[in-house]
Each structure stands twice: as C-alpha cells, then as structure tokens.
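Using the sequences and the hints, build the whole thing.
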Amino acid sequence: MSQEDPAGENYRTTVKRNRVLHWSWESKLPLECAAHFIRMRSMVDDARIPKPGFWSNWSSWEEADAQNSLGHDPLFVFPKDKLVEEGSNVTICYVSRIHQDNISCYLEGVQIYGERLDRSVSAFELKNVSFIRKKGTNVFCKVDQGGALGGIVLFVSKVLEEPKDFSCETQDLKTLTCTWDPGSDTGLSKQPSQSYTLFESFSGKKTLCKHRNWCNWQVAQDSQETYNFTLVAENYLRKRSVSILFNLTQRVHPMTPYNLFPKNVRATNATMTWKVHSIGNNSTLLCRLELLAEGKVIQQHNVSIKVNGEYLLSELEPDTEYVARVRCAYTNHFWKWSELISQKFNTAEAAPSEAPDVWRNMKMVSGHPTVSLFWKPLSKVHANGKILFYNVIVENLDKPSRLEVLSIPAPARSTELTLDQCSYQIHVTAHNNVGPSPASVIVISGDPGNEEVESGRVNGTEDGFSVSWKPQSGDATGYVVEWCDGPQDLPCVLQWKNLGPNTTSTVISSGAFRPGVRYNFRIYEISAKRMAHLLEKKAGYLEELAPSDNPQVVMSNLTSHSFTLSWKDYSTESQPGFIQGYHVYLKPKAGEQCPPAFEKTVLPEDSVCCKHTIDNPEQKTFVVENLQPESIYEFFVTPYTSVGEGPLDAFTKITTPDEYSHILIRIILPMIFCVLIVMIICYLKRQWLKEKCYPDIPDPYKSSVLSLIKSKENPHLTIMNVNDCVPDAIEVINKPEGSKIQFLGTRKSLTETEFTKPACIYLLPTEKNYSGPGPCICFENFTYNQAASDFASCGHFPVTPQAPPHQLGPLTSPENLLKALEQNYMNSLGEIPAGEANLNYVSQLASPTSGDKDSLPTNPPEPALCSEYKMQMAIPLGLASAPPSENSSLSSATLLGQGEHYR
Amino acid sequence: MLPAAGEPAAGDSWGMLACLCAVLWHLPAVPALNRTGDPGPGPSIQKTYDLTRYLEHQLRSLAGTYLNYLGPPFNEPDFNPPRLGAETLPRATVNLEVWRSLNDRLRLTQNYEAYSHLLCYLRGLNRQAATAELRRSLAHFCTSLQGLLGSIAGVMAALGYPLPQPLPGTEPTWTPGPAHSDFLQKMDDFWLLKELQTWLWRSAKDFNRLKKKMQPPAAAVTLHLEAHGF
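So the sequences go chain by chain: A and B. Heads up, the first sequence is in UniProt numbering, so the first residue is 1 and it goes up one at a time. Heads up, the second sequence is in UniProt numbering, so the first residue is 1 and it goes up one at a time.
Since the hints were derived computationally from the structure, they do not count as laboratory data. Predicted model only: the values in this text are computed from it and were never measured. Each residue gets a CB set at the ideal place from its N, CA and C atoms; glycine is no exception. One or more of the hints may lead you astray.
Below 25 Å or equal to it, Euclidean Cα-Cα: the simulated DMTMM-like pairs (lysine to aspartate or glutamate) are [what the hints assert, rightly or not]:
{"hint": "1", "chain 1": "B", "residue 1": "194", "chain 2": "A", "residue 2": "144"}
{"hint": "2", "chain 1": "A", "residue 1": "158", "chain 2": "B", "residue 2": "133"}
{"hint": "3", "chain 1": "B", "residue 1": "194", "chain 2": "A", "residue 2": "73"}
{"hint": "4", "chain 1": "A", "residue 1": "296", "chain 2": "A", "residue 2": "315"}
{"hint": "5", "chain 1": "A", "residue 1": "134", "chain 2": "B", "residue 2": "133"}
{"hint": "6", "chain 1": "A", "residue 1": "336", "chain 2": "A", "residue 2": "290"}
{"hint": "7", "chain 1": "A", "residue 1": "386", "chain 2": "A", "residue 2": "317"}
{"hint": "8", "chain 1": "A", "residue 1": "134", "chain 2": "B", "residue 2": "76"}
{"hint": "9", "chain 1": "A", "residue 1": "210", "chain 2": "B", "residue 2": "133"}
{"hint": "10", "chain 1": "A", "residue 1": "80", "chain 2": "A", "residue 2": "101"}
{"hint": "11", "chain 1": "A", "residue 1": "376", "chain 2": "A", "residue 2": "416"}
Calculated Cβ distances over 12 Å to all of chain B for the following chain A residues [said to hold, decoys possible]:
{"hint": "12", "residue": "21"}
{"hint": "13", "residue": "138"}
{"hint": "14", "residue": "155"}
{"hint": "15", "residue": "189"}
{"hint": "16", "residue": "209"}
{"hint": "17", "residue": "240"}
{"hint": "18", "residue": "296"}
{"hint": "19", "residue": "365"}
{"hint": "20", "residue": "379"}
{"hint": "21", "residue": "420"}
{"hint": "22", "residue": "470"}
{"hint": "23", "residue": "552"}
{"hint": "24", "residue": "583"}
{"hint": "25", "residue": "628"}
{"hint": "26", "residue": "659"}
Structure follows, in structure tokens:
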C-alpha cells in the first residue's frame with residue numbers, strides 16, 4: 001500500500017494496426033487518495049516466434065493524480081459509493097483540505113484507525129466487511145469541533161449463491177415449469193436483486209425469469225423430448241449457473257384431481273368418483289384412492305383412469321365419518337404424485353349390532369319387589385347410529401299375561417319396575433333410526449330367595465381389585481360382578497362386569513376407586529335360565545388407611561377398682577380400612593404400675609402409658625379393672641387397621657371413688673329415707689301423737705316426771721287420786737333445802753303460769769257435794785293441768801280473803817297486775833313460814849278469762865268470788881324450764897318484759 | 001324580528017312567560033346568533049393547528065424509523081451535521097423579529113410554499129425507500145401532509161389571500177445528480193426530516209398566533225341586541 005509497493009499485471013491481447021488498446025485496472029487504494037504512476041512494456045507472444053521472447057523497454061512513468069480534480073470541500077472520503085461483496089477487504093481514505101490532525105473516522109458510528117499516508121491523507125483498511133443493510137454501510141470522517149464532515153456509503157452485497165434444487169416439470173406436456181431455491185437476496189439500493197435467466201442449449205432459446213424462484217418455459221410444438229436447461233443467476237458482482245438435462249415425459253407431474261364426491265353412500269359401502277385433467281392424447285393416469293378414519297389410512301386402492309375415476313369402497317362401518325382422498329401420477333413414467341384432493345363423508349346408519357349390557361338391582365319397596373334395570377350405552381362400533389330409545393319388554397313367566405312394553409328415550413341408562421312375586425323375563429333392546437339391537441334377556445325371580453352368602457375380603461392393587469370366586473353349579477352361563485363406584489355414604493352408582501361361564505376371577509378396575517374407601521363386590525352366577533344368584537360377597541380397599549376418627553367412648557360402672565368402657569355405636573364398616581381391633585390406653589397416676597392386662601407403652605409425645613389391645617373388632621366394651629381407689633386415671637380408645645391406629649385424641653379423665661363411700665351411701669340413704677317417712681307420719685298423726693304422748697290432760701300414771709321424781713328423790717311418792725283427795729287436806733311434799741328457787745325463776749314461773757290453764761286439784765269436796773261458792777286451792781304443777789273451763793268453775797277461794805274484789809279492776813294493766821302479784825306473793829310468804837315446810841305457795845289471782853289471752857286486755861275482769869291458790873312445786877331448774885304451751889309463752893314473754901321493766 | 005313576542009298585558013305574568021319562551025324558541029333562527037352560515041377562518045385555523053400537532057406526532061415516529069434505516073450516525077440523537085447539499089430545502093428557522101413582523105398573508109404563503117416543496121421531496125424519498133413498511137409509512141405521512149397543505153389553502157382562501165403560483169420549470173425534484181454521493185443523499189434525507197420537523201413546529205406557532213388573532217367577537221354583543229329587542 002505504501003508508495004514503494006509497485007504492483008504489476010500482465011495483459012494479453014491481439015494487436016492490430018491502428019487499434020487503440022484499453023486496459024482497465026483497479027487500484028486497491030482509491031485513486032483520489034494518492035497519485036498513481038504507471039509504466040508498461042510488451043512482449044510478442046506468438047507461436048510462430050520461438051521462445052523465449054524478449055521484453056521491450058519500459059515506457060516512461062505516467063502519473064494519474066485525481067486529487068487535483070477534487071472540489072473545495074474541507075474533507076473528502078473515498079472511494080465514493082463502492083459496491084463490494086461480503087467478506088471483501090476495502091481500503092478507504094480521507095483527504096483533508098484543512099490540514100488538521102484532529103480528524104476522526106467512523107464505521108457505522110464506531111471509530112476506526114488507519115494509516116497516515118501524508119499530511120492530509122489517511123487510509124483505513126476495512127477487512128472482511130459484512131452486509132449490514134440495503135441502504136449501505138456508512139463510513140464518515142469529521143473534524144473534531146470543526147463541523148467539517150465527509151463520508152461515503154459502502155455497499156456490501158451478500159455473495160450470490162448458486163441456485164439450489166433446480167428442477168423442471170410439466171403438468172400437461174405443454175408448459176415446463178422450472179423451480180429453484182434462489183438463496184439470499186443480494187439486492188441493495190445500489191444494486192438490484194440478482195436476475196435469473198433460463199437457457200436451453202438444444203434449442204438455443206433463453207428466457208429472462210420474472211420471478212426469483214420459478215420460471216415457465218413453453219414446450220415447442222416440434223415434440224422435443226430432451227431438454228438441457230441452464231439457469232444463470234447474476235448481479236453486478238457475480239454470475240452463477242446450474243444445469244439439468246431431462247426427458248420431458250419423465251417430468252410429468254399431473255394436476256390435482258377434481259370433483260371428488262361420494263356416490264351411493266350406504267352403511268358399509270360407498271362409491272367415490274373424481275376427475276383428472278387429461279395429459280396429451282390418450283394418456284393414462286394412475287390414481288391412488290385412500291380412505292381415512294380418525295386420521296389414519298385404513299384402505300388404499302390404485303385405479304388407472306383416463307379422465308373419470310370411480311371406485312367402490314366397501315367394508316365400511318355404519319354411521320362413521322371417513323375421509324377419502326385421491327392423487328394421481330403419470331402412468332408412462334412415474335415422476336411425482338399430484339397434489340391430494342380430499343372429501344369427507346359419513347356412512348349410513350345400521351341397526352345396533354349388539355345387545356345392550358343390562359344388569360339389575362332388586363329391592364323391596366312397600367312390600368313389592370322393585371327392580372332397577374341398568375344398561376350401558378352401546379359403544380360407537382355397536383350402536384351403528386344414534387340410539388334414540390331403549391325398549392324394555394317385561395314378560396311374566398308364571399302366568400300368561402300381556403307383555404308390558406316400556407320405551408325409554410336415550411340417553412337414559414336405567415329404569416325401575418315394580419313387580420309382584422312372580423318370575424319375569426325382561427328383554428331390553430336399543431333402537432336407532434334403522435332398527436333395534438339384539439335383545440338382552442334377564443330373568444328375575446319374584447322370590448328374592450336367601451341371599452345370605454359368605455363374605456370375604458379382597459385385596460386391592462394398583463391395577464384394581466382382583467376378585468375370584470368358586471363356581472357353585474355347573475350350568476352357569478356367566479358371572480356378574482357388581483359394585484358401587486363411590487364410597488358407602490354416597491348414593492350408589494351401580495357398576496357391573498359381565499364375565500364368561502369359565503371365568504372364576506377378574507380384575508375390577510375403575511378410575512373412581514380411591515384409597516381408604518371400602519368397596520363391596522357381589523358376585524352373581526347367571527344360570528341357564530338367565531337368572532342371577534348371589535354367589536359371594538367381597539369387600540376390600542384399594543389401599544387401607546389408618547382410622548380417621550376414634551369411637552365415642554361411654555364410661556360406666558365406675559367403682560373404686562374398675563370402670564367399663566363401651567363404644568357400641570362405632571361402625572367398623574365405614575372405616576378407611578378393616579378394623580382389626582382396638583387399643584385401650586390408660587394413664588395411671590404417676591408412679592403407679594399398669595393394671596394387669598395392660599402393658600407399658602410410649603406415646604408419640606413421649607409420655608408413658610398403659611396399653612391394652614383388643615383384637616376383636618366386634619368387642620366394643622372393655623372393663624378396666626384392678627384400679628386404685630381415689631385415683632385419677634385417663635383413658636383413650638382408638639381402633640387400628642393393618643396400617644395403623646386412629647389419631648391420638650385427648651384422654652378422658654376419671655377419678656375412682658373412695659372404697660367405702662358406696663357402703664356409706666347404701667346405709668345413709670335408706671336411713672335418711674326412713675327418717676323422712678317417720679317425720680311425715682309424725683306430722684300427719686300429730687294429733688294422735690299429741691294425745692298419746694303429751695295430751696293436754698296427762699295421765700299422771702304415765703307421766704315420766706313422776707317416774708323421774710320417784711326414782712331420784714322419793715321412792716314413796718304416789719299419785720294422788722282424786723278419790724283419795726280429802727277436802728282441806730294438803731299433801732305436803734318435803735323438798736330438800738338445796739333446791740331453793742331463785743326469785744326471778746319463781747317469778748318467771750309465776751308469770752308463765754298466769755295465763756296458762758293451771759292444772760288444779762280441787763281441794764274442795766266433790767262436785768256433787770259442792771253447792772255454792774267455797775274455798776278451793778289450786779296447786780299448779782307440771783303434772784297437773786286442767787281445762788280453763790274447769791278452772792272457771794272453781795268458784796270462790798275462801799282461803800285468801802285479803803284480795804278485795806275492788807282490787808281486781810286495775811289488774812287489767814300489767815302494772816297493776818304485777819303489783820297485785822307481788823302483793824299476793826308477799827302475803828303468801830307471810831302466811832306460810834319458810835321454816836315450816838319447803839313449799840312455796842304462790843297466791844295468785846287467776847283471771848277468770850285467763851284461758852283466753854286475747855281477751856285479756858279488753859274484757860274487764862269480773863270480780864272474783866274466790867281466790868285461787870296455785871301451788872308452785874319446787875322442782876329442779878332443769879325440769880321447771882320445760883316449755884310452756886305456745887299460746888301462753890307468747891303472752892308471758894310479753895308480761896315478763898314489762899315486769900322486768902318495772903323491776 | 002320577534003313576531004311571537006306581541007304586547008303582553010301589564011301584570012300578566014303568564015303572558016310574559018309565554019313571550020320569554022317564544023323568544024328562546026326562536027333564538028336559533030335569529031341571524032345575528034346563527035353563525036353556522038359564516039364561520040369565518042377561525043375553525044379552519046384551529047383545524048390546521050390541530051393538524052400540525054398531529055403531524056408533529058406522526059413525524060416523530062416516522063423519522064425514528066427512517067433514520068434507523070439510514071443507519072448511524074444519522075440515527076444518533078446528537079448527530080448534527082453541517083447542512084451540505086440541502087440548500088434547496090426551505091428553511092424553517094427565521095429571526096424572531098422577522099417572524100413577528102410577518103403579516104398573515106406572508107406567514108401563510110411561506111407555510112404553503114414550504115410544505116409544497118417538502119411534500120415533493122418527501123414523495124421522492126418514498127420512491128427510494130427499500131422496505132415496503134417504510135414506503136407505507138411515508139405514503140401515509142405524505143397524505144397527511146397533503147391534507148395540511150389543503151388546510152392552509154383553505155385558511156388563505158377564507159382570509160381572501162390568493163395561493164402562491166409555482167413558477168414554471170421550478171418544480172423541485174429529488175433526483176440526485178451524478179456528483180451527488182449516496183452519503184450526501186442520506187444527509188439530504190436527514191435534513192429533509194429535520195426541516196419538516198422544524199416547519200411543523202413553526203406552523204403550530206404560526207397558526208396559534210393566527211388563531212388568537214382571529215378570535216370571534218364576544219357573543220355578549222348579540223345578547224345585548226336581543227335584550228334591546230325584547
């Protein structure tokens with residue numbers, strides 16, 4: 001590139017006299033970038049002149065300097081608008097008129113660095129340039145902060161490719177169509193896209209193709225058979241070509257057949273017709289007819305035709321959608337199949353080919369056998385059309401009667417029949433537009449018979465339940481296994497499986513089976529009479545799970561040493577596994593050993609407790625024994641299956657009672673009951689009791705006081721008989737000195753006795769001898785009591801005349817009364833000296849109405865005609881405090897209070 | 001003028017109300033209020049203004065696509081080359097004082113002439129565009145610009161100004177001469193889009209100014225007239 005690098009080339013031409021030779025040469029460095037010099041020499045290159053020849057002398061150097069012709073712009077970049085192929089190396093340069101050093105050049109915005117050729121020229125070599133855009137790659141230089149700018153657009157073209165897959169063919173032997181893969185487009189804004197020319201060497205004709213990937217060639221009328229085509233692709237930079245040689249009749253690609261239609265479509269056959277475009281005269285085409293069902297080719301037929309094609313397709317399925325398609329090829333020489341033409345058609349319906357699969361379920365509704373009939377919808381293969389309805393014909397086998405016919409519209413899959421105790425034969429047929437299916441026959445006995453059969457278990461696997469059975473009778477025509485798809489607590493979706501007579505096992509699988517759900521299978525044997533007999537029952541789990549809940553345990557019979565647990569309501573049937581038994585957990589109080597029959601175990605939460613295993617799932621009670629009285633126990637019952645036991649719930653706490661408490665209860669309760677009874681009786685018979693035990697007029701002979709006194713003080717004390725009572729005689733009882741009664745106590749007695757009905761002993765002669773008022777002495781004693789009426793008839797008391805009648809008036813007031821009492825008392829003390837006898841005589845003015853306390857304040861006292869003397873017998877305090885009658889105590893308490901007030 | 005108004009009896013409020021209703025009913029028919037017959041240049045100025053704003057928005061998207069098509073440095077945001085060879089493009093930039101001193105006619109004439117030239121150049125651009133999508137965008141924009149030109153012509157007609165007549169033989173062309181390099185051609189394209197943008201911006205200001213100037217007289221005058229009549 002430097003100035004010292006000369007480049008030389010040889011140019012060979014034929015010289016003629018007076019002919020100017022032109023030689024074009026392109027410098028790597030644009031001519032504008034530097035002055036170029038050229039010289040030449042020549043040599044004769046002729047066969048007639050023996051070699052080696054001799055070179056002429058060099059001519060003088062000729063200078064080509066384009067810089068002089070540049071304009072006045074401050075900055076130029078060269079070469080202008082150059083077109084190169086991708087991958088080329090391009091040298092560019094700038095020429096600056098301003099002689100500045102701060103000129104930067106950029107390729108697509110990225111700065112490039114080059115070689116400085118002189119003060120105002122720098123060259124840059126761009127290696128392996130690539131295509132960026134059709135509008136060209138921008139290279140520009142600018143003076144930094146100077147504003148001067150110059151640039152060029154370098155057009156980088158993609159390399160022209162050789163056309164690929166070049167081939168020619170004809171559809172009608174009149175026009176050849178040649179196609180190829182043109183590869184990438186080399187078009188730029190500086191260069192149009194490559195052009196394609198088709199050249200035929202035998203005829204010497206050529207045609208410029210309008211399209212970049214195909215071209216038509218008119219076949220000549222002179223029946224040229226062989227063609228040699230050359231396809232030439234060309235752009236400004238390059239030319240590429242490709243050739244093929246072929247025979248016209250070997251490149252026939254027939255046109256797509258047309259008018260493909262089904263004709264006479266029936267249930268199992270149909271005729272297809274189609275047409276083809278004729279090729280030349282009398283040409284034969286091989287057509288391939290294909291039949292597709294559900295996207296798969298199921299039939300394939302080759303048919304040779306000229307113009308019209310026809311073929312009868314048979315072995316078709318009724319009511320099925322098919323697709324027929326046809327393509328054809330030139331028979332003389334197979335080159336290519338034509339494009340396909342397709343046609344869809346449906347075969348006609350036919351009567352269902354198979355009887356519906358029917359099963360039944362029998363139950364008693366209101367005493368009538370009710371049969372639920374179920375059937376499975378026919379598969380598409382057997383339905384042969386749309387099932388419109390099902391006919392159910394019920395025939396009584398026991399007595400001749402009219403057939404009962406039920407028509408159930410599709411898509412119903414079940415019906416219910418109420419029958420009587422007779423046997424019935426039921427025919428079920430499925431109907432479509434064309435006709436009925438074969439009948440499915442089932443016989444139902446009116447007597448359901450003894451259906452109690454043995455129950456067994458069946459194991460579930462990943463594939464389902466493997467059910468097997470033992471044949472019972474030799475004449476079985478088949479077996480049916482029935483089950484419910486859902487769990488037991490959901491309505492049963494009855495499922496069944498029909499099996500042949502020689503089958504004794506099957507695998508029942510269903511997508512509805514779930515782990516932890518108990519499925520019950522019933523195996524029926526179908527007899528020759530089409531009657532079903534229950535053979536076996538099986539229950540199983542696809543996968544057993546641990547119980548999900550624990551039973552509700554009831555505790556009873558709690559004693560100090562035992563209690564009973566029961567969980568009778570727990571159903572072992574509806575559990576997620578076969579219940580094998582129960583675990584009874586018992587937590588005794590700390591430090592205590594497990595009761596017998598329990599073993600020590602560790603619970604998941606690391607607590608230690610006692611465990612008893614019941615291995616009989618039907619044993620739903622358990623007595624926990626050998627417990628300590630007055631102890632706290634906790635229990636918990638959980639079932640277990642082969643997988644594990646139920647969830648660990650909360651323990652229930654109980655406390656065993658005291659050992660003797662039950663005995664106490666046995667005694668105390670009856671006693672309380674008896675006492676209550678006695679109390680009630682006493683209350684009801686209180687009058688009788690009163691008369692018997694403490695009558696108003698006691699029987700002195702029955703008085704306990706008497707016996708008391710008699711035993712303690714005076715064994716000779718006797719009861720004074722009225723008959724023995726001598727008037728005016730007083731029986732004086734000696735009393736020991738020590739038993740002196742306090743004045744207050746006396747006074748209390750005094751006041752008490754004032755309003756009680758004093759028990760008086762009449763010291764008067766007998767009543768019959770009594771004829772008028774006379775003196776009488778009334779001895780008050782607890783043992784003596786007499787009705788007030790009797791007392792009222794006492795009359796005068798002549799012994800104490802000191803109480804004048806006029807003194808009685810003021811006695812109505814308590815003050816006067818007390819005064820009078822005091823006075824009388826003092827009088828009596830004065831009359832009877834204390835030393836003579838230890839008798840206290842209380843002089844008392846008995847009010848004539850003392851028996852009626854209510855009338856005391858209101859009724860004016862009547863003048864007493866006699867004084868009453870009550871003998872206050874000195875008795876020990878304990879005895880004297882015996883309660884007075886209720887009436888009197890009320891009044892006396894009142895008086896006492898007043899008396900004390902006046903004291 | 002008010003045939004239904006009549007002479008309402010004094011104190012007859014119903015009559016007054018009827019009269020008022022009649023006046024309101026006939027208000028649209030009163031020529032002084034009915035401006036639909038002669039809207040003046042106001043609406044068309046407004047429409048032209050709106051169109052310039054719309055074209056500004058449209059050009060932003062188009063210029064982005066086209067400058068990317070030219071490649072760097074033309075699509076670089078800070079590329080600001082000297083204006084080489086694009087002298088024939090009408091310049092939008094003008095001294096502010098000069099711009100203010102322009103009268104309406106001159107203002108509109110300059111706009112019309114500028115867009116006439118720019119539209120012509122733009123059509124040349126469209127013919128050279130290599131991609132179909134770009135050609136579609138350019139054609140759409142040319143149609144819009146043609147609409148703007150028509151709109152300006154409408155405003156000028158409304159204001160009674162004649163359209164500038166192009167001198168014969170001075171039809172601008174966009175065919176690069178033999179000395180015009182592809183790089184300079186790209187520069188011209190760049191400047192064409194840039195001038196177009198500046199012109200649209202200037203036109204928006206021109207028409208906004210014109211719009212304010214052509215504000216219709218206040219409606220209060222006509223209402224006053226009506227009150228007088230009533």
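Here is what the structure says about each hint:
With a CA separation close to 23 Å, the supplied pair residue 194/B and residue 144/A stays within the 25 Å bound. Restraint check: the Cα-Cα separation between residue 158/A and residue 133/B comes to about 22 Å, which is no more than 25 Å; the hinted pair holds. Only pairs whose Cα atoms come within 25 Å are accepted, and residue 194/B paired with residue 73/A is accepted, the gap being roughly 23 Å. Of the pairs offered as hints, the one joining residue 296/A and residue 315/A holds, with about 16 Å between alpha carbons and a cut-off of 25 Å not exceeded.
Of the pairs offered as hints, the one joining residue 134/A and residue 133/B holds, with about 14 Å between alpha carbons and a cut-off of 25 Å not exceeded. With a C-alpha separation of about 17 Å, the suggested pairing of residue 336/A with residue 290/A holds against the 25 Å cut-off. Pair hint residue 386/A plus residue 317/A holds up; C-alpha atoms about 14 Å apart against a cutoff of 25 Å. Distance hint between residue 134/A and residue 76/B is fulfilled; the C-alpha atoms sit about 19 Å from each other, no more than 25 Å.
Taking the CA atoms of residue 210/A and residue 133/B, the gap is near 23 Å; set against the 25 Å cutoff, the hint holds. The straight-line distance between the Cα atoms of residue 80/A and residue 101/A is roughly 22 Å, inside the 25 Å bound, and the hint therefore holds. Pair hint residue 376/A plus residue 416/A holds up; C-alpha atoms about 15 Å apart against a cutoff of 25 Å. Distance check on residue 21/A: its Cβ is at least 27 Å (rounded) from any Cβ of chain B, clearing the 12 Å threshold; non-interface status holds.
Residue 138/A, annotated as away from the interface, has a beta carbon of chain B within 12 Å; the closest lies near 5 Å. The beta carbon of residue 155/A sits about 8 Å from the closest Cβ of chain B, which is not more than 12 Å, so the claim that it is off the interface is violated. At the 12 Å boundary, the C-beta of residue 189/A falls inside the reach of chain B, the nearest C-beta of that chain being 6 Å off. Look at residue 209/A: its CB is around 22 Å from the nearest CB on chain B, clear of 12 Å, so calling it non-interface holds up.
With a closest Cβ-Cβ approach of about 23 Å to chain B, residue 240/A is found to remain outside the 12 Å limit, as its non-interface label requires. Separation of residue 296/A from chain B is adequate, the least Cβ-Cβ distance of about 43 Å exceeding the 12 Å criterion. Remark: the non-interface label on residue 365/A is consistent with the geometry, its nearest Cβ contact in chain B lying 79 Å away (cut-off 12 Å). No Cβ of chain B comes within 12 Å of the Cβ of residue 379/A; the nearest lies about 56 Å off, and the non-interface call holds.
Every Cβ of chain B is farther than 12 Å from the Cβ of residue 420/A; the closest lies at roughly 86 Å, confirming the non-interface assignment. A cut-off of 12 Å between C-beta atoms confirms that residue 470/A is not in contact with chain B; the least separation is 83 Å. Every CB of chain B lies more than 12 Å from the CB of residue 552/A, the least distance being 78 Å, so the non-interface label holds. With a closest Cβ-Cβ approach of about 81 Å to chain B, residue 583/A is found to remain outside the 12 Å limit, as its non-interface label requires.
Interface exclusion of residue 628/A from chain B stands, the closest Cβ pair being 96 Å apart, more than 12 Å. Every CB of chain B is more than 12 Å from the CB of residue 659/A (nearest about 103 Å), matching its label as outside the interface.
Comparing the model with each numbered hint stated earlier shows that hints 13, 14 and 15 do not hold.
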